[in-house]
Amino acid sequence: MTNALSILFCLTLMYLAVTTRLSSYVLILVFQGILVAGVYTVSFFENFSAAHLVIAGAVLLFRTILIPSYIVKIIRDLDMGHRDRTRQYHPGFLLQISGLIIAALLLSHQFSRITPLLVIPLGTALAGICSGGLLIVRRRLLLAHVIGFLIIENGLFLLGVGVKADLPWVIELGAFLDLFVLVFLMGIAINHLKSHFPEGAGEDLTTLHD
Amino acid sequence: MILTMLFILGLPVLSMAFTAWNPSLEKNHFATLAAGGGHLVATFYLLLTRQNPFPAHAWFGIDPLGSFFLLILSHTFFAVALYSPGFLQRMDKPEYQASRRLYYPALNSYLLASTLVVITQNFGLLWVVLELTTFSLVPLIYFYRSKESLEAVWKYLFLVSLGLVFLLIGILALGVAAKGVGEDASLIVTDLVRDAAQLDPLWVKTSFVLALVGISAKIGLAPMHPADIDATSNAPGPVAALMAGSLRSTAMLVLLRFYEVASNTSVRAFSQGLLMISGAFSILVAAVYIWRSRDYKRLLAYSSVEHLGIITLASGVGGVAMLGAMLHTLFNSFGKIALFFMAGRINRDLQTREIDSVHGLMQSLPWSGFVFGLAFFYIIGTPPFGLFFSELLILRGMVHAQNWLVLGCFLVLLMIIFIGMGRAVLRMLQSPEPFLAPTGKPPEKFHVAHAVSFYALAVSVPIAILRPDFLFGPLHSILAEFGFAL
Chain X
1 MTNALSILFC LTLMYLAVTT RLSSYVLILV FQGILVAGVY TVSFFENFSA AHLVIAGAVL
61 LFRTILIPSY IVKIIRDLDM GHRDRTRQYH PGFLLQISGL IIAALLLSHQ FSRITPLLVI
121 PLGTALAGIC SGGLLIVRRR LLLAHVIGFL IIENGLFLLG VGVKADLPWV IELGAFLDLF
181 VLVFLMGIAI NHLKSHFPEG AGEDLTTLHD
Chain Y
1001 MILTMLFILG LPVLSMAFTA WNPSLEKNHF ATLAAGGGHL VATFYLLLTR QNPFPAHAWF
1061 GIDPLGSFFL LILSHTFFAV ALYSPGFLQR MDKPEYQASR RLYYPALNSY LLASTLVVIT
1121 QNFGLLWVVL ELTTFSLVPL IYFYRSKESL EAVWKYLFLV SLGLVFLLIG ILALGVAAKG
1181 VGEDASLIVT DLVRDAAQLD PLWVKTSFVL ALVGISAKIG LAPMHPADID ATSNAPGPVA
1241 ALMAGSLRST AMLVLLRFYE VASNTSVRAF SQGLLMISGA FSILVAAVYI WRSRDYKRLL
1301 AYSSVEHLGI ITLASGVGGV AMLGAMLHTL FNSFGKIALF FMAGRINRDL QTREIDSVHG
1361 LMQSLPWSGF VFGLAFFYII GTPPFGLFFS ELLILRGMVH AQNWLVLGCF LVLLMIIFIG
1421 MGRAVLRMLQ SPEPFLAPTG KPPEKFHVAH AVSFYALAVS VPIAILRPDF LFGPLHSILA
1481 EFGFAL
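From first to last, the protein sequence lines are chains X and Y.
Just so you know, my numbering puts 148 at position 148 of the first sequence, and the rest follows in order with no gaps.
Just so you know, my numbering puts 1310 at position 310 of the second sequence, and the rest follows in order with no gaps.
No lab work stands behind these hints: they were computed from the structure.
Treat the numbers as computed from the prediction; the structure is a model and nothing was measured.
Cβ coordinates follow ideal geometry from the N, Cα and C atoms, glycine included.
Hints are supplied without guarantee of correctness; some may be wrong.
Said to hold, decoys possible - Reference excerpt, derived from the structure (chain X facing chain Y, CB under 7 Å, subset only):
hint	residue
1	Leu-11
2	Val-18
3	Ile-75
4	Asp-79
5	Ile-152
6	Leu-156
7	Val-163
8	Ile-171
9	Leu-182
10	Asn-191
11	His-192
12	Asp-210
Said to hold, decoys possible - If you anchor each label on the Cβ, the simulated ranges turn out as follows:
hint	chain 1	residue 1	chain 2	residue 2	range
13	X	Val-72	Y	Leu-1048	49 to 57 Å
14	X	Ile-34	Y	Trp-1291	51 to 59 Å
15	X	Phe-184	Y	Pro-1094	45 to 53 Å
16	X	Val-181	Y	Lys-1441	39 to 47 Å
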């Protein structure tokens, strides 16, 4: 079950490569949030405790409801819907993400020879982290960069599951709160940026240099 | 001891709540000053008594390393709190109203978050509280609400958070390394040091590399330094002093926590080598950009890259150089208080940050010019100031370790930086033509910023010469914790 959910997560990464619509990015985030919560619940099912339940609930609350709703609000407030195409679809990006997924799974398999690990969730996590980074590099809009960052965070959460790092629930909740505040601050910053840089593109931020 | 903890954690919480609720800047100033003063007194008490008010192996604890870095934080914060009313008084334009209102709550939340970073012993929790320091600085960096400060705050928020992702992966790798310990495995520093022999070396190595890469953005080590340079140079003077004087040191402490674990395992030599490479590369980058910089605030920010590079390099060398690195961290924070306070005042009075547009500071702004000049001699390591002694210790450590190549490169780079900085600062201080005082403008008066800066520069001299036991006692304990002998 964990493996099936992880593979679905990989498919969302491939969808990420072929879409350029901000609304699709938000949908990917919602779907990934559900998958991540699912992987977490299934992984710790055998010794499931109230703490695990709280974390799974927090994943759903933060990653599928609060953060995506906030991003939709930013898109609406800034009227970004009408020009949501950050860059034309490029097959090269799909090839890169596919290559990343394969490489990550192979790397995870190599790691599993050294330490007991969940191979597919770990490989998926590594692929998620790299794909988020790639999205930041390949897309122009700052909001797309925020989404790339959130995909990295989803990968990071899966990484914790992959390496069976059962962190105390207080720390997990603290990390969720940090993530939410971070996205909130980035949202405020984007709001302000729009007044100085109407396009809201990363390449506009070149005022500061030596 | 409970009272001490109330002073260290309770006062910032109370002050943060009060300043968030109360709109009066005057009252907020006194609340912040009281919190900073109480924090400083409690820190001195902890240094003098050398006691850990928390139970052993708890998530929080104050070890010698923590108490030393708490002093750096507390001292820098108090200096900034003293200067803040003078700074805010001049920021009276309507566009600064919102920033003025947010200033003290953000300052207090920074103190709280940084204190938590210093006293947290659990690596997982350390990551959570480290992110809080970034959030607390956002309204402070964005104080001027200009296009530049907005770009700086965006880059800082984004790049530092991305760096912290790597740090978290490093923490997870450390968790994997600790699995070899068995049921008692934890992410608490003291436990990891105790069980160091049972940690998987490969994962400790992975963890250290990721932690170094991740935290570099916050420390300002090359090549992850650009966001930090932008943020420091676009923040107001007191905020830049806080960032250069304490934030970078606090982030350095996090790296040292990883180093503490690694240096007690078989990957000690690997981690030392990595720190030396990272430190040397940062000094090299600083040497190049100090020559290229046309903006004196950016120049000072690159000076921070240089000094954090020196601290990282010396930590890697170990032994006496590590003692020098610790002292260098303290003395660098003193120097940065003076330099950024003065840079802020020069920028406000002359309305320019361009080195080429500033001439004759000694005549036009005699107090600020004099302190700026003094701080320049301080930061390049001129005797009798503290940085001279800490650099001597670092050089002694390199000679002891017989790292001749590192020693040679270090001296050459310091020379290049000295000439590069001197070229810019001395040009600013002196005037190529006779100075003509602008009509109608009153001469500069002695300000609290000058007094605080004088004190910050002067206090390093007795510390370096007299070597007080309350400070050097913990420093020797730190070396023992890292397994270094003098």
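Now for the hints, and whether the structure bears them out:
1. This hint is violated: X/Leu-11 has a C-beta 23 Å from the nearest C-beta of chain Y, more than the 7 Å allowed.
2. Here the hint on X/Val-18 is broken, as its CB sits about 24 Å from the closest CB of chain Y, past 7 Å.
3. Interface hint at X/Ile-75: violated, since its Cβ lies 18 Å from the closest Cβ of chain Y, which is beyond the 7 Å cut-off.
4. The restraint placing X/Asp-79 at the interface with chain Y is violated, with a minimum CB-CB distance near 20 Å, outside the 7 Å limit.
5. Below 7 Å, beta-carbon pairs count as interface contacts, and X/Ile-152 has one with chain Y at about 6 Å; its hint therefore holds.
6. Hint status for X/Leu-156: holds, given a least beta-carbon distance of 6 Å to chain Y, under 7 Å.
7. The interface hint given for X/Val-163 holds, since its Cβ lies 5 Å from the closest Cβ of chain Y, which is under the 7 Å cut-off.
8. Interface hint status for X/Ile-171: upheld, as the beta-carbon distance to the closest one in chain Y is roughly 4 Å, under 7 Å.
9. Annotation: X/Leu-182 was flagged as interfacial toward chain Y, and the flag holds, the nearest CB pair being 6 Å apart, inside 7 Å.
10. With its C-beta approaching chain Y no nearer than about 10 Å, X/Asn-191 sits outside the 7 Å limit, and its interface hint is violated.
11. Checking X/His-192 against chain Y by beta carbon gives a least distance of about 6 Å; that is within 7 Å, so the hint holds.
12. Here the hint on X/Asp-210 is kept, as its CB sits about 5 Å from the closest CB of chain Y, short of 7 Å.
13. The beta-carbon spacing between X/Val-72 and Y/Leu-1048, approximately 55 Å, falls within the hinted interval of 49 to 57 Å.
14. Taken as a hint, the range 51 to 59 Å holds for the pair X/Ile-34 and Y/Trp-1291, whose Cβ atoms sit roughly 53 Å apart.
15. The hint said 45 to 53 Å for the Cβ distance between X/Phe-184 and Y/Pro-1094, and at roughly 26 Å that hint is violated.
16. Range check, X/Val-181 to Y/Lys-1441: Cβ separation about 45 Å, and the 39 to 47 Å hint holds.
Of the numbered hints stated above, those contradicted by the structure are hints 1, 2, 3, 4, 10 and 15, listed in ascending order.
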